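Visitor: Generate coordinates for the entire structure from the input sequences, incorporating the hints supplied.
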Amino acid sequence: MEIRETKDLRSLNKIKIIQSILYKKQISRADLSTFASLNKATVSVIVKELLDLRLIEESTIGDSTGGRKPIILTINEDIGYVIAIDINITMIDIIVTNLSNKILSSYSIKNEDNNFETIFNNLFSLIHKIQNVMPSSIYNLVGISLAVRGVVDLNGLIKFIPQLGWKNVDIKSKLENEFNVPIYIENDGNLSAMAEHKLMPNYNDMLVVDIDDVITSGIICNSQLVKGFLGFANAIGHHVINCDGKQCTCGKRGCLEQYCSNLAILSHINQSLPVKDIEEFVNLVKEENPYALSTLDYFIDHLAIGLTNLIFILNCEVIVLNSYILREIPVAMQKLHEKIFLPITRYQDLYLSKLGKKAPLIGACNICVEQFYKSILTS
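Quick note, the sequence shown lines up with residues 64 to 442 if you use the working numbering.
Derived from the structure by calculation, the hints contain no laboratory data. Hints may contain errors.
[To be verified] No farther apart than 27 angstroms at their CA atoms in a straight line, the calculated lysine-lysine pairs in the BS3-like style are these:
| hint | residue 1 | residue 2 |
| --- | --- | --- |
| 1 | K420 | K235 |
| 2 | K173 | K235 |
| 3 | K261 | K88 |
| 4 | K222 | K309 |
| 5 | K192 | K235 |
[What the hints assert, rightly or not] Label-pair restraints from in silico Cβ distances:
| hint | residue 1 | residue 2 | range |
| --- | --- | --- | --- |
| 6 | D141 | Y387 | 29 to 37 angstroms |
| 7 | L293 | L72 | 28 to 36 angstroms |
| 8 | V108 | I172 | 45 to 53 angstroms |
| 9 | Y387 | K315 | 23 to 31 angstroms |
| 10 | D340 | E121 | 48 to 56 angstroms |
Everything numeric in this text was worked out from a predicted model, so none of it was measured. Where a beta carbon is used, it is the ideal one built from N, C-alpha and C, also for glycine.
Guide: This is how it looks when you write it as structure tokens:
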């Protein structure tokens with residue numbers, strides 16, 4: 064038992080050092096010892112092992128305070144690559160990154176057909192094309208990660224995507240059998256939360272809300288992702304805010320998504336004025352069109368109800384909102400802030416996402432990279 068604990072601790076220290084280099088991007092051995100809270104001897108031994116595995120590189124580009132320049136450690140970022148896929152309701156977005164999350168290429172496919180087999184075959188073909196054009200490296204493709212706007216269980220089975228009509232879809236096994244690499248399937252809101260938390264690691268408790276054609280979220284508690292018993296604790300788009308309200312695709316009535324998603328906003332304004340997409344709606348708001356301004360108030364009022372409920376349930380430190388409407392219309396964020404401010408809650412910080420629509424994809428890449436290093440360093 065003692066030997067196993069020593070081995071486990073050593074593996075954890077290796078992972079800690081890799082994570083530190085990933086976070087700092089460039090760091091000396093001395094600074095790494097301080098940042099990772101490990102003694103210099105431990106850092107020296109592990110760094111040598113990581114260099115031998117070619118997982119990291121060293122250079123003499125550091126700044127000197129006198130004497131010779133310090134040797135700087137960086138991730139050997141081009142020894143492999145990952146593919147991240149975001150399956151939206153109308154589009155599929157794909158990025159290919161190296162192990163430092165640098166985007167090497169990106170692709171988009173329009174969903175002409177919601178049928179699972181059609182979408183899977185399109186993905187299948189594109190992933191093969193990506194493999195054919197990527198230069199050969201030590202590890203090549205190290206993982207594929209999918210972000211989906213629906214319920215995913217703890218084993219990666221897609222239980223339900225209402226807008227696509229998918230139920231109990233096992234895309235994970237199909238991809239594993241074909242490409243023979245680790246496959247990760249996760250709800251897009253959870254992936255966004257993971258990506259945002261990496262940018263704001265000082266917050267231990269965080270709620271991230273993605274508002275697009277659907278509404279999803281991710282919950283971080285004590286710096287860990289919260290999924291719940293069956294994996295859908297984050298489905299705030301289906302929190303009921305009006306028990307006699309609009310019919311939702313999930314089967315209930317009055318879900319938040321039916322009032323605040325981009326599709327819901329377009330449906331609302333089209334009762335008075337034809338508007339083809341959310342970009343046109345935002346332009347109309349900027350032009351102070353009365354129908355658009357009224358719809359904006361409708362959006363803010365209902366979103367405030369949903370967020371206020373979550374504030375009382377979660378009492379998190381910070382809320383990060385990822386919304387095209389809120390990003391493009393600063394006054395909307397101000398109005399929302401005013402509506403959800405309550406002295407009793409000791410109001411949390413409220414921010415707009417810096418990652419925007421790429422947040423789920425970046426979170427998906429992070430999973431692949433982290434699991435790749437863990438598999439090597441714990442084997």
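Visitor: For each hint, tell me whether it holds in the structure or not.
Guide: Tested hints:
no.: 1; hint: K420 with K235; result: 23 angstroms, holds
no.: 2; hint: K173 with K235; result: 21 angstroms, holds
no.: 3; hint: K261 with K88; result: 13 angstroms, holds
no.: 4; hint: K222 with K309; result: 23 angstroms, holds
no.: 5; hint: K192 with K235; result: 19 angstroms, holds
no.: 6; hint: D141 with Y387: 29 to 37 angstroms; result: 33 angstroms, holds
no.: 7; hint: L293 with L72: 28 to 36 angstroms; result: 33 angstroms, holds
no.: 8; hint: V108 with I172: 45 to 53 angstroms; result: 47 angstroms, holds
no.: 9; hint: Y387 with K315: 23 to 31 angstroms; result: 26 angstroms, holds
no.: 10; hint: D340 with E121: 48 to 56 angstroms; result: 50 angstroms, holds
When each numbered hint is compared with the structure, no violation occurs for any of them.
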